[in-house]
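This is what each chain is made of:
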Amino acid sequence: MATTPPEIRLATEIAAQFRHVPPEEAAHTIARHIHTFWDPRMRNRLKMQVAQAAGDCDALVADAASMVEVEPAELLGE
Amino acid sequence: MTLTNDRDLGTPAPPDGARPVTVEIDGLPVTVGEGTSVLRAAALAGVDIPKLCATDSLDAFGSCRLCLVEVDGRRGTPASCTTPVADGMKVRTQTPKLAKLREGVMELYISDHPLDCLTCPANGDCELQDMAGVVGLRQVRYGYQGENHLDLEKDTSNPYFDFDPTKCIACSRCVRACGDIQGTFALTIEGRGFGSTVSAGAAEAFIDSECVSCGACVQACPTSTLQEKAVVELGIPTRTVLTTCAYCGVGCSLRAELRGDELVRMVPDKAGGANEGHACVKGRFAFGYATHPDRILHPMIRESITDEWRVVDWDTAIAYTAQRMRAIQERHGMGAIGGISSSRTTNEEVYVVQKMVRAAFGNNNIDTCARVCHSPTGYGLRQTFGESAGTQDFRSVAKCDVVVVIGANPTDGHPVFASRMKRRLREGAKLVVIDPRRIDLVRSPHIAAEHHLRIRPGTNVAMVNALAHVVVAEGLVNREFVDARCEGFDDWAEFVARPEHSPEAAEAVTGVPAGQVRAVARLYATGGNAAIYYGLGVTEHSQGSTMVMGMANLAMATGNIGRDGVGVNPLRGQNNVQGSCDMGSFPHELPGYRHVADDAVRTVFETMWQRPLLSEPGLRIPNMFDAAIDGSFRGLYVQGEDIAQSDPNTSHVFAALASLELLVVQDLFINETAKFAHVFLPGTSFLEKDGTFTNAERRINRVRPVMASQTGKQEWEIPCEIATAMGYPMSYTDASQIMDEIASLTPTFTGVSFDKLNRLGSVQWPCNDDAPEGTPIMHVDEFVRGKGKFVVTTFVPTTERSTRRFPLILTTGRILSQYNVGAQTRRTPNVVWHEEDILEIHPHDAEVRGICDGDSVTLASRAGETTLHAKLSDRMPVGVVYTTFHYPQSGANVVTTDNSDWATNCPEYKVTAVQVALRRSAAAAPARHESAEPPIGVS
Numbered sequence: 001m002a003t004t005p006p007e008i009r010l011a012t013e014i015a016a017q018f019r020h021v022p023p024e025e026a027a028h029t030i031a032r033h034i035h036t037f038w039d040p041r042m043r044n045r046l047k048m049q050v051a052q053a054a055g056d057c058d059a060l061v062a063d064a065a066s067m068v069e070v071e072p073a074e075l076l077g078e
Numbered sequence: 001m002t003l004t005n006d007r008d009l010g011t012p013a014p015p016d017g018a019r020p021v022t023v024e025i026d027g028l029p030v031t032v033g034e035g036t037s038v039l040r041a042a043a044l045a046g047v048d049i050p051k052l053c054a055t056d057s058l059d060a061f062g063s064c065r066l067c068l069v070e071v072d073g074r075r076g077t078p079a080s081c082t083t084p085v086a087d088g089m090k091v092r093t094q095t096p097k098l099a100k101l102r103e104g105v106m107e108l109y110i111s112d113h114p115l116d117c118l119t120c121p122a123n124g125d126c127e128l129q130d131m132a133g134v135v136g137l138r139q140v141r142y143g144y145q146g147e148n149h150l151d152l153e154k155d156t157s158n159p160y161f162d163f164d165p166t167k168c169i170a171c172s173r174c175v176r177a178c179g180d181i182q183g184t185f186a187l188t189i190e191g192r193g194f195g196s197t198v199s200a201g202a203a204e205a206f207i208d209s210e211c212v213s214c215g216a217c218v219q220a221c222p223t224s225t226l227q228e229k230a231v232v233e234l235g236i237p238t239r240t241v242l243t244t245c246a247y248c249g250v251g252c253s254l255r256a257e258l259r260g261d262e263l264v265r266m267v268p269d270k271a272g273g274a275n276e277g278h279a280c281v282k283g284r285f286a287f288g289y290a291t292h293p294d295r296i297l298h299p300m301i302r303e304s305i306t307d308e309w310r311v312v313d314w315d316t317a318i319a320y321t322a323q324r325m326r327a328i329q330e331r332h333g334m335g336a337i338g339g340i341s342s343s344r345t346t347n348e349e350v351y352v353v354q355k356m357v358r359a360a361f362g363n364n365n366i367d368t369c370a371r372v373c374h375s376p377t378g379y380g381l382r383q384t385f386g387e388s389a390g391t392q393d394f395r396s397v398a399k400c401d402v403v404v405v406i407g408a409n410p411t412d413g414h415p416v417f418a419s420r421m422k423r424r425l426r427e428g429a430k431l432v433v434i435d436p437r438r439i440d441l442v443r444s445p446h447i448a449a450e451h452h453l454r455i456r457p458g459t460n461v462a463m464v465n466a467l468a469h470v471v472v473a474e475g476l477v478n479r480e481f482v483d484a485r486c487e488g489f490d491d492w493a494e495f496v497a498r499p500e501h502s503p504e505a506a507e508a509v510t511g512v513p514a515g516q517v518r519a520v521a522r523l524y525a526t527g528g529n530a531a532i533y534y535g536l537g538v539t540e541h542s543q544g545s546t547m548v549m550g551m552a553n554l555a556m557a558t559g560n561i562g563r564d565g566v567g568v569n570p571l572r573g574q575n576n577v578q579g580s581c582d583m584g585s586f587p588h589e590l591p592g593y594r595h596v597a598d599d600a601v602r603t604v605f606e607t608m609w610q611r612p613l614l615s616e617p618g619l620r621i622p623n624m625f626d627a628a629i630d631g632s633f634r635g636l637y638v639q640g641e642d643i644a645q646s647d648p649n650t651s652h653v654f655a656a657l658a659s660l661e662l663l664v665v666q667d668l669f670i671n672e673t674a675k676f677a678h679v680f681l682p683g684t685s686f687l688e689k690d691g692t693f694t695n696a697e698r699r700i701n702r703v704r705p706v707m708a709s710q711t712g713k714q715e716w717e718i719p720c721e722i723a724t725a726m727g728y729p730m731s732y733t734d735a736s737q738i739m740d741e742i743a744s745l746t747p748t749f750t751g752v753s754f755d756k757l758n759r760l761g762s763v764q765w766p767c768n769d770d771a772p773e774g775t776p777i778m779h780v781d782e783f784v785r786g787k788g789k790f791v792v793t794t795f796v797p798t799t800e801r802s803t804r805r806f807p808l809i810l811t812t813g814r815i816l817s818q819y820n821v822g823a824q825t826r827r828t829p830n831v832v833w834h835e836e837d838i839l840e841i842h843p844h845d846a847e848v849r850g851i852c853d854g855d856s857v858t859l860a861s862r863a864g865e866t867t868l869h870a871k872l873s874d875r876m877p878v879g880v881v882y883t884t885f886h887y888p889q890s891g892a893n894v895v896t897t898d899n900s901d902w903a904t905n906c907p908e909y910k911v912t913a914v915q916v917a918l919r920r921s922a923a924a925a926p927a928r929h930e931s932a933e934p935p936i937g938v939s
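Residue numbers (the numbering used here), protein chains in the order written: chain A, 1 to 78; chain B, 1 to 939.
The hints are simulated quantities; they were obtained by calculation from the structure and are not laboratory data. For clarity, every value in this text was computed on a predicted model and none was experimentally measured. By construction, the Cβ of each residue, glycine as well, lies at the ideal position given by its N, Cα and C atoms. Keep in mind that a hint or two might mislead.
Facing chain A, according to a computed beta carbon distance under 8 angstroms, are these residues of chain B, among others [stated by the list, open to error]:
#1 SER542
#2 PRO612
#3 GLU616
#4 GLU782
Please take these sequences and the hints and turn them into a complete structure.
And the structure:
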């Protein structure tokens, strides 16, 4: 069975959908999706898991996770 | 036969818009549409002409010779059912000549009919009996000495109805109902002349024939030849309650016919917008679970799931639930508890559950079983069209020229809609099926799919991109529609036009020959009105949401949106999937699909509910399981869903449920989930409910109580009482008051009320000031979001791949006679058609494994292993196996994984890499997957 932490796995699956757009835009879109649909504890866990994974984490996921700190209201509207 | 007092007008109405024609019936003028039969015109004029073979649900047949009339200026006595009206026609329905002819006809009928009327089950509900009276039959001059049919054997093989050929008058109503209404063509008239008899299949017993037990023949029978066993046993019903079926998302209107307080039978309502007088084996017959002895009717509690249940009164159970929920929150935080609502409950029941969670629990940890079926529909259609719902009404299929069925099996999953679809296909509409499995629709009586794209599981998005590629590359785009009504087209068109999306390139991925894909794309784009109907074969993938958006793109690019006969149409699995989503069951959305972070929306709810609401999304069901295992989620209320059986990766679900400090299950039965529960709150069946269901076409239908609540409570009262016991008072006088609150808070429901539903029968939302009687077809002039939005749909293959260890792909589905996890249908005689879940495997895959038909086999994936019996079938392509999940013992979800749709977390039930092997101890009974046993020592 997969041992990837759930939030990293979910975020990586989201990231896979947006590899066709420029990375910065993709990261922003992923972060916005996460803010729209994820419970705050999942977002916190994602940030923690990304930090723990260090360089092993998908770059797009790491970029998106860094944006998850932004207040949700600023990211909504998709 | 049916108790209902709907007047049978004898023949169907002419097409809408028929030219008016005025005729005179027995001196009474009547104006009707051109093409109307004299029989119908007479009925509309208030003149009932005797008839037996005619009924207004079937085309005229003209066989019984009872509806004869005389027409001024014409010779003879034509049958009024097959004679169309003509301007100025003068018809006489009662003359001495006609009376004599009719009496002679009736005398012949009765001479070969058992004269046991007083003890016949249909006594008082028999058209033959009625007509004998109407024509004034007083004697039968012919005895029984001659040749007759009175010694024919009764067929009692069907669990729900008997066939007594001695009472048959060979009117062919049953045969025509089976063909014209149901579209199965299982019945026929065997023999000729006096030897004509109704036969199921090739002179088989009904149970062995192709009959799907929809009951249309029973309803059509004018005598007691085809008769419900319940009527034989209980007698003719005496009263009727109009309600709505609780099975699939078609949401058929049914008349519950009772004798006293005992439910005798269900009869589909002719005026039902969803079903127009038809039903299936589940809706019509499989209601016995409501009174099954397995039902739990009293609340029960226990400290630990290893304890015995203790029956308590309602007050104790509610107080226990509230106290333990609050205790969890005190120890672990407000977000440590949550709830799951059910698509098998009414809108009003769902609404109060989500309100309990948001206002009393104080968080947004509310989700619904739509998570595991159509959540990608909500996401995908919202993104592209602006509304999380299908675009059409069911009637729309009658205007369709090209029907594209993707990842759905309507004849099993949505049989009543399938019958409507099949009727249109028999009229000449073209059919395309995109599915790995050869579903019945691909080839059935009088229907053959123009194309069956036998796609590899998990490659839907590659397929839809290839179809779009052809539309763009071959100049088949409806530029007028796109330019006027859509945005984002250029980016999307550039994307799909890339060579890697061509059918030739996609062939290696999908396994479908490029030429076929090109032909289908051309047909869809240029074949007239083209509609997509889809099911869980679209949504239950890691790219379910992407595929929904891909289909929406295709519909927009070809202009197949916003009118009759077109659209993107989800076939919802459960009866109230649409409604449970509408009612705010998703953790990020309040009722009406409005995000919890929207301050203005939240303020409206906070004002009404008098409680501050969180602006952050809560946990979805799979997230709840993960959070339960990591310890941040400790208490769960589950209404009407058996997550232990229905959700994927059973061992993960079991571990999550076993981790909970408090699991509250509100259901009819001790299901698999309840085995992990600390509180069991008995729910009510649809026969006890008062409220509304919303079907797949957004049709809000009334559910009316047929019998008193068996538990002493309405189901919506229970969340209200839990909330109140937790310090947030919630109370309503009745279900209509809940709907009034929903309407006051939800823009698409502002015009909905029980009064209006009682008056109109049903309405399709949006129902508001702009559309006071509802909206059958959406996005007519503009999309709900303004411009339809093209979304780039990148194909990202699932990570679930076949390997050397797991070389086959498992996909799952359902069967006609069973429903979902089987909690209802397994407790009915429907089990005679499906006693267990079986594994369909291609003969080639079976042969290389040494597997023969009926062998016991193990089915293993990286998630788990179970045991099933194999059925060799070339319905599945080589390399793909298939099973259903109606029985907990078969444990189909033991092997499914926790892969899910990237956007919504909808599980990827449709793609699991597996291995199948012959069980060495095959002679023994299959060990099966052990259904949920409480883990030892978990409290």
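Against the structure, the hints:
The restraint placing SER542/B at the interface with chain A holds, with a minimum CB-CB distance near 7 angstroms, inside the 8 angstroms limit. Taking 8 angstroms as the C-beta cut-off, the interface hint given for PRO612/B is violated, the closest approach to chain A being about 16 angstroms. Because the beta carbon of GLU616/B sits about 5 angstroms from the nearest beta carbon in chain A, less than 8 angstroms, this interface hint is met. Nearest Cβ of chain A to the Cβ of GLU782/B: about 20 angstroms, over the 8 angstroms cut. The hint is violated.
Of the numbered hints listed earlier, those contradicted by the structure are 2 and 4.
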